[in-house]
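These protein sequences, in sequence, are chains L and R. Straight run, no breaks: the first sequence in full-length UniProt numbering ends on number 346. Straight run, no breaks: the second sequence in full-length UniProt numbering ends on number 346.
Treat the hints as calculated values from the structure; they're not laboratory data. Worth double-checking, as some hints may not be accurate.
Cβ-Cβ distance ranges computed for the label pairs, FRET-style [to be verified]:
(1) 13(L) x 42(R): 38 to 48 Å
(2) 211(R) x 93(L): 38 to 48 Å
(3) 35(R) x 228(L): 41 to 51 Å
(4) 42(L) x 104(R): 25 to 35 Å
(5) 218(L) x 183(R): 48 to 58 Å
(6) 211(R) x 288(L): 24 to 34 Å
(7) 18(L) x 62(R): 35 to 45 Å
(8) 267(L) x 326(R): 39 to 49 Å
(9) 114(L) x 35(R): 30 to 40 Å
(10) 332(R) x 102(L): 15 to 25 Å
(11) 242(L) x 326(R): 41 to 51 Å
Chain R is faced by these chain L residues, among others (derived, beta-carbon under 7 Å) [to be verified]:
(12) 55
(13) 57
(14) 98
(15) 287
Bear in mind that the values here come from a model prediction, so they are computed numbers and not experimental data. A virtual CB, placed ideally from N, CA and C, is assigned to each residue, including glycine.
Number of protein chains: 2
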Amino acid sequence: MENNKITIHDIARILKIDSSTVSRALNDSDRVTQKTKDKILAKAQELGYQRNHLASNLRKSKTYTLGVIVPRISRHLFSSAIAGVEETAYKMGYNVIICQSLEQLERERNIVGTLLANRVDGVLLSVSMETINYDHLQGLKQRNIPFVFFDRHCNISDNSNVLIDDYQAGFDATEHLIGQGCKHIVHFSGPQNLEIYKNRLKGYLSALQIYDIEFRKDLIIESRLMEIDGVENAKLLLELPYKIDGIFSANDIAAIGAMQYLKQQGIRIPEDIAVVGFSNEPISALIEPSLTTIDQPGFKIGKTATTLLISQIHEGATKMKSETIILKPNLIERKSSLRKFESGNY
Amino acid sequence: MENNKITIHDIARILKIDSSTVSRALNDSDRVTQKTKDKILAKAQELGYQRNHLASNLRKSKTYTLGVIVPRISRHLFSSAIAGVEETAYKMGYNVIICQSLEQLERERNIVGTLLANRVDGVLLSVSMETINYDHLQGLKQRNIPFVFFDRHCNISDNSNVLIDDYQAGFDATEHLIGQGCKHIVHFSGPQNLEIYKNRLKGYLSALQIYDIEFRKDLIIESRLMEIDGVENAKLLLELPYKIDGIFSANDIAAIGAMQYLKQQGIRIPEDIAVVGFSNEPISALIEPSLTTIDQPGFKIGKTATTLLISQIHEGATKMKSETIILKPNLIERKSSLRKFESGNY
DNA sequence: ATTTATAATCCAATCGATTGTATTATGAAT
DNA sequence: ATTCATAATACAATCGATTGGATTATAAAT
Numbered sequence: 001m002e003n004n005k006i007t008i009h010d011i012a013r014i015l016k017i018d019s020s021t022v023s024r025a026l027n028d029s030d031r032v033t034q035k036t037k038d039k040i041l042a043k044a045q046e047l048g049y050q051r052n053h054l055a056s057n058l059r060k061s062k063t064y065t066l067g068v069i070v071p072r073i074s075r076h077l078f079s080s081a082i083a084g085v086e087e088t089a090y091k092m093g094y095n096v097i098i099c100q101s102l103e104q105l106e107r108e109r110n111i112v113g114t115l116l117a118n119r120v121d122g123v124l125l126s127v128s129m130e131t132i133n134y135d136h137l138q139g140l141k142q143r144n145i146p147f148v149f150f151d152r153h154c155n156i157s158d159n160s161n162v163l164i165d166d167y168q169a170g171f172d173a174t175e176h177l178i179g180q181g182c183k184h185i186v187h188f189s190g191p192q193n194l195e196i197y198k199n200r201l202k203g204y205l206s207a208l209q210i211y212d213i214e215f216r217k218d219l220i221i222e223s224r225l226m227e228i229d230g231v232e233n234a235k236l237l238l239e240l241p242y243k244i245d246g247i248f249s250a251n252d253i254a255a256i257g258a259m260q261y262l263k264q265q266g267i268r269i270p271e272d273i274a275v276v277g278f279s280n281e282p283i284s285a286l287i288e289p290s291l292t293t294i295d296q297p298g299f300k301i302g303k304t305a306t307t308l309l310i311s312q313i314h315e316g317a318t319k320m321k322s323e324t325i326i327l328k329p330n331l332i333e334r335k336s337s338l339r340k341f342e343s344g345n346y
Numbered sequence: 001m002e003n004n005k006i007t008i009h010d011i012a013r014i015l016k017i018d019s020s021t022v023s024r025a026l027n028d029s030d031r032v033t034q035k036t037k038d039k040i041l042a043k044a045q046e047l048g049y050q051r052n053h054l055a056s057n058l059r060k061s062k063t064y065t066l067g068v069i070v071p072r073i074s075r076h077l078f079s080s081a082i083a084g085v086e087e088t089a090y091k092m093g094y095n096v097i098i099c100q101s102l103e104q105l106e107r108e109r110n111i112v113g114t115l116l117a118n119r120v121d122g123v124l125l126s127v128s129m130e131t132i133n134y135d136h137l138q139g140l141k142q143r144n145i146p147f148v149f150f151d152r153h154c155n156i157s158d159n160s161n162v163l164i165d166d167y168q169a170g171f172d173a174t175e176h177l178i179g180q181g182c183k184h185i186v187h188f189s190g191p192q193n194l195e196i197y198k199n200r201l202k203g204y205l206s207a208l209q210i211y212d213i214e215f216r217k218d219l220i221i222e223s224r225l226m227e228i229d230g231v232e233n234a235k236l237l238l239e240l241p242y243k244i245d246g247i248f249s250a251n252d253i254a255a256i257g258a259m260q261y262l263k264q265q266g267i268r269i270p271e272d273i274a275v276v277g278f279s280n281e282p283i284s285a286l287i288e289p290s291l292t293t294i295d296q297p298g299f300k301i302g303k304t305a306t307t308l309l310i311s312q313i314h315e316g317a318t319k320m321k322s323e324t325i326i327l328k329p330n331l332i333e334r335k336s337s338l339r340k341f342e343s344g345n346y
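Using the sequences plus the hints, can you model the full thing?
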């Protein structure tokens with residue numbers, strides 16, 4: 001219990017001045033003369049004073065805390081986004097509470113409750129795969145707590161988002177496969193309640209159309225994109241009545257699962273089937289063959305979303321205008337999709 | 001600013017009772033009769049009352065917040081430990097602030113400062129590779145804030161730790177390589193300020209001794225165990241005047257870097273050189289060949305450390321007895337170390 | 001009915017910082 | 001020296017919940 005408990009009142013008593021002056025001095029108010037400020041600051045330093053944020057925040061009814069909800073922190077995109085969030089938040093005097101929904105709506109709901117109970121000043125949110133309704137976000141709206149979606153957003157009105165151009169990325173990935181000579185390209189898609197997967201799919205379709213490739217509905221396989229789903233998808237596509245020669249997977253994990261299985265079956269990658277993933281997980285550069293994928297600027301997404309959120313917090317509830325920022329993804333070509341004939345061309 | 005701002009005083013006013021009674025009712029004190037409790041609880045529910053933790057915590061001078069410092073959340077051990085921490089903490093009414101030192105002492109120092117400023121009730125800590133002195137932990141000691149090391153601990157007196165048996169793991173890994181017929185085993189070690197690397201090294205040495213294998217000092221290569229270090233280490237070991245036939249790396253990342261390089265050089269794994277890593281990163285199961293490694297029970301480490309920390313917080317500063325809990329690691333045999341002659345035996 | 005013991009509730013101070021208003025100090029102008 | 005404007009500081013309420021002590025209500029005992 002001997003926590004150093006220096007308060008502004010201690011400093012005030014010692015210097016025989018009022019605590020309000022101490023408070024103002026420590027906040028660099030111009031209502032205190034420089035001489036007194038110096039005296040107070042020196043004494044504060046000497047005593048090892050640290051402001052009690054609880055008291056300060058109670059008075060100001062602000063917590064200087066942001067909530068971050070992600071499906072799981074172990075995913076590359078999210079861990080790098082979190083790094084960006086933390087850097088920006090700390091720099092601007094905010095703390096961050098990080099929570100994982102583990103892709104479960106139920107947990108996401110609870111987390112929102114916890115964040116409300118903790119009276120966070122704002123929330124950054126990347127929704128779970130199970131998030132099909134948004135009732136749990138009502139509490140945030142009601143209490144006028146600003147929130148910004150990043151990456152995995154929702155199509156509800158008046159929200160701010162920081163996204164990447166999933167449509168473009170889907171298009172680029174598919175175009176790349178077409179450029180490698182693929183004619184029958186399977187797309188591993190994710191739950192269609194998530195806009196990102198819808199958009200990646202749209203990009204895929206659009207590329208097929210532009211390059212005059214016939215679209216077949218059964219070439220789209222929807223799953224939760226776990227590793228095991230990749231394996232299952234691969235089994236499925238081998239049973240299709242077409243000779244599949246390309247896969248565009250909406251994430252790396254499923255692509256890797258598929259590749260593992262296909263390799264076991266003696267199928268050569270990229271010669272028989274070229275594969276493109278999504279997210280540029282660190283593992284994608286290390287597997288055999290290395291995986292062509294879409295790099296998402298995670299750190300920048302985190303930074304941007306945080307900056308946007310904090311600006312909304314500062315603006316206050318007055319005119320919470322929604323804003324959507326879309327960042328550019330980037331195709332990384334690796335061995336899993338580069339056909340021999342291509343490299344032979346150089 | 002229309003945040004729902006129901007306070008105990010609102011409830012008190014409406015029910016024409018005192019706010020202290022409301023407070024006691026909401027805390028289920030036995031100084032309030034059940035009838036009044038029911039009335040108060042019903043009204044609180046009706047109004048959507050939520051306790052203001054700032055005020056409550058200020059009064060109780062507790063924050064119900066734990067700080068967690070890890071080198072990086074993207075590492076498998078840490079992300080799974082954090083999952084364990086969160087589960088336990090939330091269950092016991094605590095929040096968690098997660099911070100990454102990114103292996104930098106300077107950042108670790110700042111983080112401790114931030115956590116102090118936020119008056120966390122306790123800290124869970126896995127130190128950075130650069131942490132060679134512990135001055136920055138003095139602040140915690142002075143203020144009697146309990147802290148528990150997990151995995152990467154420090155050899156300073158009277159600390160609580162939750163660790164795995166790195167010595168045993170090092171021994172098991174090395175013994176396994178010896179069992180595969182390896183005679184010249186290189187050990188990739190990490191910074192020796194960290195006990196974990198010292199202990200893994202000790203286990204290695206001990207296994208060599210017991211199996212009567214000559215120890216050579218130049219078979220120990222120390223680095224920061226990044227992927228690039230693994231590559232460099234591999235180059236080094238090819239220049240050694242012995243025919244190396246085994247590698248025991250103190251983490252998976254460096255092992256993988258080495259394997260990539262060795263494969264490029266046409267060296268067969270495990271036939272020419274068998275490799276064992278450490279940590280069971282998800283990637284280790286997916287690379288080619290899959291990597292034999294040591295699995296650390298990350299989730300359990302996180303749970304155990306949190307339980308220990310919270311129990312210390314509850315005990316108070318009175319008799320903060322230190323305690324060290326050591327969990328068992330587990331060797332996972334995969335292709336990178338299983339020699340043909342072995343499988344031939346079956 | 002009155003006393004007494006105990007249960008139930010109320011009062012008021014407190015946690016530490018902030019902030020609008022009131023007061024005093026300072027110095028310039030007359 | 002006195003007045004006045006302004007700068008500097010002090011006072012006191014406030015944020016919302018908690019808690020020891022005081023007071024009142026209730027019921028049991030005489």
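Hint-by-hint comparison with the structure:
no.: 1; hint: 13(L) x 42(R): 38 to 48 Å; result: holds, 46 Å
no.: 2; hint: 211(R) x 93(L): 38 to 48 Å; result: violated, 58 Å
no.: 3; hint: 35(R) x 228(L): 41 to 51 Å; result: violated, 55 Å
no.: 4; hint: 42(L) x 104(R): 25 to 35 Å; result: holds, 31 Å
no.: 5; hint: 218(L) x 183(R): 48 to 58 Å; result: holds, 56 Å
no.: 6; hint: 211(R) x 288(L): 24 to 34 Å; result: holds, 33 Å
no.: 7; hint: 18(L) x 62(R): 35 to 45 Å; result: violated, 29 Å
no.: 8; hint: 267(L) x 326(R): 39 to 49 Å; result: holds, 46 Å
no.: 9; hint: 114(L) x 35(R): 30 to 40 Å; result: holds, 31 Å
no.: 10; hint: 332(R) x 102(L): 15 to 25 Å; result: holds, 24 Å
no.: 11; hint: 242(L) x 326(R): 41 to 51 Å; result: violated, 56 Å
no.: 12; hint: 55; result: holds, 5 Å
no.: 13; hint: 57; result: holds, 5 Å
no.: 14; hint: 98; result: holds, 5 Å
no.: 15; hint: 287; result: holds, 6 Å
When held up to the earlier numbered hints, the structure conflicts with 2, 3, 7 and 11 and fits the remainder.
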